[in-house]
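Participant: Take the two lone chains and join them into the complex the hints point to.
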Amino acid sequence: MVTTVANLKRGQKGIIKDFDVEALPIKLLEMGCLPGNEVEILHIAPFKDPIYINVNGSHIAIRKSVAAQIELIVEDSIVQ
Amino acid sequence: MSKQINVALIGNPNTGKTSVFNALTGLNQKVGNYPGITVEKKEGICKLPRGVKAHILDLPGTYSLNTTSLDESVVVELLLNKNDKDFPDIAIVVSDVENLKRNLLLFTQIQDLKVPTMLVINMADRMIKKGITLDTQALEAKLNTKIALVSTRKGSGIDRIKELIADYKNLPITSNIDTVQIAPDYFERLKKVFPKEDIYKLWLVITQDVNFMPIVKKTINDDTDFALKTKSELKKMQHRETVLRYKFINDSLKETLTIDTNAAKGLRASLDKILTHKVFGYLIFFCILLLIFQAIYDWSSYPMDFIDEFFASASEWVKNTLPPGALTNLLAEGILAGIGGIVIFIPQIAFLFFFIAILEESGYMSRVVFLMDRLMRPFGLSGKSVVPLISGTACAIPAVMATRNIDNWKERLITILVVPFTTCSARLPVYLIIIALVIPEGSFLGLSYQALTLMSLYLLGFGVAIISAMILNKILKIRSGSFFVMEMPNYKLPLPKNVIYTVWEKTKSFVLGAGKIILAISIVLWFLGSNGISDDYKNAETIVENRIKSEGLPEINQLTIQTQLEDYKKELQFGITRGLYKINPQALNDSIEIHKEYLYKKAIEQEISSFELEHSYIGYMGKAIEPIVKPLGYDWKIGIAVITSFAAREVFVGTLATIYSVGSDQEETIKNRMAAEINQDNNKPLFNLASGISLLLFYAFAMQCMSTLAIVKRETNTWKWPMAQLVFMSIFAYIVALIAYQTLK
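So the protein sequences, as listed, match chains A and Z. Take the first sequence: its letters are residues 1 to 80, numbered as in my numbering. Take the second sequence: its letters are residues 1 to 745, numbered as in my numbering.
The hints are simulated quantities; they were obtained by calculation from the structure and are not laboratory data. Honestly, I wouldn't trust all of these hints.
[Unchecked claim] Among chain A residues calculated to face chain Z with C-beta under 10 Å, some are:
1. I15
2. I26
3. L29
4. P46
Just so it is clear, CB atoms sit at the ideal spot from N, CA and C, and this is done for glycine as well.
Chain Z on its own, in the form it takes in the complex (with noise of 0.2 Å):
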């Protein structure tokens, strides 16, 4: 196997760095985790000429080596150290031709690294537009290196780059800027102490928190002659030398760079005099977020239908089809229904990034957060909030992972943490359900109580979450040293393929991500659920079989057979009536017959099933807890309900369905069933105005939802932010359904 070239990308957000990338390495890439840390690692192969191969690792942007974030610390980490394995034998710095000027600074600082370093000067396509003209090779000149211009969006200039890279031993490596001149005096004494290292990289180890060299930088510390005196020190040879790169970078491009300032202008100011107006701006945003909410909540529901019945029969199948057995019901019930649990999301979350991608690569998020940063603020949360806030109102999976975008450690986190509180489309069947149940069905000013109370929930979820994070604002103790400073970058067409690479990544780093978790929980639930060890589970069968011989099948399930036969046979008379098809009497009366004892057949199936979850584990943990739920005025079937619920909230319909032994999923039988509950201590309905209550408060509070919880473990990179959010979420969950049901009762 023939060496590959290690090539770093590196360069300043919105240059069009991750299209280079994309167009250097196709679908050969894959994402990942650098260890220990959440930053992305993305690497990807290139196809040279002569079967040479190149590795090509995409680095986080950053406009410096003076690094801000976890992010940037990545790229000064890898340039340090020579040993790691993906030390580049090239770095492409990837620039904006608008922005030449600014991003020739990173450029700069990684060429005084003495690492072989070319030159990608991006959207090539914009410079006629933009009055640009840029001499090429003057340029190549002035700064030593290699030029390749590019448009990714037009596909040229890619040849260029993979011909520079085969051919980087022929870079040359050296640096335009005498880093001396930073601070000539501190760096002459460095030089006499450390005469093998370079100077630059000491200076970098010296100023930069990263994990390198650890000797020489205990060596300066310790040494009082070296040790920055202040941080103000430090910061004004930091300044000195953004001023000294700025001086090197604009005699270089005044003769090789001219920009028509006339022709300029145009699009980015008139859009932004819209986008960015105090009335439209507005206006403009909450237009956006109906779209994007219609999207997730309406258009995603028919591919989450699908799978929703995908699985289901297949399930179906596989009981069907396979000896049965506990390996038979692991797969049916267990491992599928957990695989379908995970599945079920990805519309949601494949929606959700689409269309975030589209607003990022427009250009138009940045807007987004201009105009909302002031008003976020005195919560705590920033404009770049925002996003995540209202995507919660989905689906928090998706949501806190676009938190991403937001460079302060603190608001970033309090956004994590508030999310949950934001109602769920999980929360929604729970709510329907209950509502539907105890709201009674007047209405008031022409709009019903029961969609009144729906909205309330939701007007309740967001102020509990702006209400957390501004407390958590006053008690977190986190300094964030990042000052809020955006870019805003222009706005561009966005490419296609940037925008199905961007879903793509997301929602496989969903599946493999929280997927594994949500799948072992659901084995677990599953297992706990049908499993027993009392007698009373094993022998189930008999038990059922022999009290309904004796006792008969419940009156509620007797009547419920009634209603499906009456149906059945209406559906048979209309067939009759509309010539559909003939019957004689003798066959109809047969076929009620047969439907009927298939009715029962079903019914003592479910008395049986029903009867085996009461004796299983999760039924007997549902009669422990009993004593916990019954303040809130639920018995241990909704205990139960409430437990398998901290899997998904949505689970909470399905768990009842099974322990009342409906059988089905449809909503109407669900809902008599439960209408007919009888609370054993007063002899009144279970579910009523308090108990009701009680559990949409519990429902609108509780942190039960695992995939959350496993999402927020890797965003944060600790299990003590999750486990917070379930402890506080629950414990303020209950005592909120506490107070509701013991006034209201």
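If we strip away everything but chain A, and leave its shape as in the complex, we get (with noise of 0.2 Å):
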């Protein structure tokens, strides 16, 4: 199942699959949300945003309209 990073609940994984490059900051690719890489998402604020994230070991924050640039691949079995 293909998705992004702003449609999963906390909790929940997903493998990096590709992004638009142009469309996120060179930092967040730094911090290493690289395609292949797995997302955790830790916690959501209230508001649904920002979201909290854990990328190759990296804790970070990013906005919703950021961790929709970011598309997972969601194995089923993780999804509830």
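Facilitator: Structure (structure tokens):
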């Protein structure tokens, strides 16, 4: 199943499939947000924004607009 | 003198880089600015074995050499410029054992610049708890470097860093990554045109916004073969670079680093659960705010009162000890009062930064930002604006300094611009006295009108700040390149040493930075208030004494003396009835007579100084602006108080005290005196509901604080923004006060 980081619920995980390099800040890539790495949603702030994720061991918070740019492959078994 | 070894400390934020810096340099550090920009420059001296010294430069934290802010550009510019006097003989990359993978990205970039580079792996004390094992020797071989495993908390490993610094000549200078692979075609061509230059340096010059090697940059930009076609092309290359580096890092760590993930969970998860909770999260934040508020507002009043008294008595002492003259007056009333005006802010600044340092060191601040970001965004602010806005209710100066954490320039600028609207503690004395004068005492639903007025003023200040932010967000056309990506660091117990250093540094930079300007303007105000050219000013003493001889003291002063004398009699009587002392009736009368004479003498002195002020430069200025302030319901005396308040709002009460020749800052006396003041035009009290509300609103909105202007100048590095604040806030205040007075009168 393909989705984006913005659509996941707390506790869900996915593997980064692809993203539009231009839409994402370089800083995010440097933090380890690269294709093939796993993303886990740790918390979502009240009002559903920003989103607190763990990617490649980096704990970072990003705004929803950026999260929507990161495409993921979610193993169906993880989605409940 | 033997040559010092130049050391540059480089690392990601939250790796404990500053702790390493503190451990290496101790108190031998100084904080300044890089020339021309507001980026803080921290440097210090570290003593190495055998009498060698190292000069340590603590560079701003950065995640990589791809810069997004001024702070980060400083790092790249230094590393590119071999001629800079601070160019490092050795670069130390500080990393955190838990985020080693990410930290190594920066490490490999710096190695590629052919600077001797060593790696410090900090927070080694957490390895066992986090289930981390690391083969340092094998990693040294993989990365072609030397590693010091350090725990600044336990103080271990610092000696190893010092040894490695002393031995910097033996560090390998080999890069691990074949940078040509980033874009083989492009790099090969570059190599042909600039055979002498280092290829990775060239790459940074091309991609980063740095003022270095302008000739090379120009050649590249002019040559259509080299100019990068689009931004996206560049970004794709940077993407490839990042992937390339991570590939190398993952390979290096595969056999050297193991993490038992079962051990790693724990504190972070459970604390995050509570602290970012949609109810408890806000509740806890609110409680912490209350605590900070209490400290800044209440606890700091004790040291502040002490400072106030200290400077008052110091100035008294100078006046009584030194031979009278202009120089003594300058020292006592200009310089000492000016310095007192700076020092008095120290407790509030120190308290605020004490809390901010703890919240930041512990990792809690990021959670607050996380909680508040969405709420602040409609106003053009960020989650990171919350702390400055709230600290603004104590004092705008530390609040403006606290905006440094906001990495988006537009959001930071808007925060700086609106912070002075929040009700700072300097407005409080003005509010209290005016409210007591003009707002009736009754109550509404058990809440007194006066308390409600005060609360409305606080809400008004905050409301106007938010609305202005919204408007500024619409009109300011600033392209702010930075996205909101925030690291959520792990929770740690703050190191007391780091907290103390932060408080010390911030306080010092306030005293030295803003202090100079405050002192200068205080001296100017003093000069204008205690000098005059007219004959009236020069002969003030004779004129007033003659007037009093013929007309006697003004009625109001006589009444005041009467009450003060009654009080004195009561006090004496009280002492006698309680048996504290015995006095015969004759001595009692004498004592009362002496006191009466003393009070009269004081009253005359006050009349003289009041007359002098009226005919001093500042008095003429007050008279000159009277036509301007009259529509607001003020006379020239209030006009003077308003002018002097542009130095600092709290001067208002003191100035009125001098003008009305009350001679003491005691609120009751000034209040009575103000209540008795009559408007010459209509013979009604000067301070009535209309003029009172007008004054309150004027003080709520006007930019009357030169310290804030000074600090805004320092933080924005231009006079443009503080001047804009001064002009717009004052005009706005004037218009609002005008409307209020004209409708209410």
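Participant: Determine for every hint whether it applies to the structure shown.
Facilitator: Now the hints, each set against the structure:
1. I15: violated (15 Å)
2. I26: holds (5 Å)
3. L29: holds (5 Å)
4. P46: holds (4 Å)
Against the hints set out earlier in the document, a violation occurs for number 1 only.
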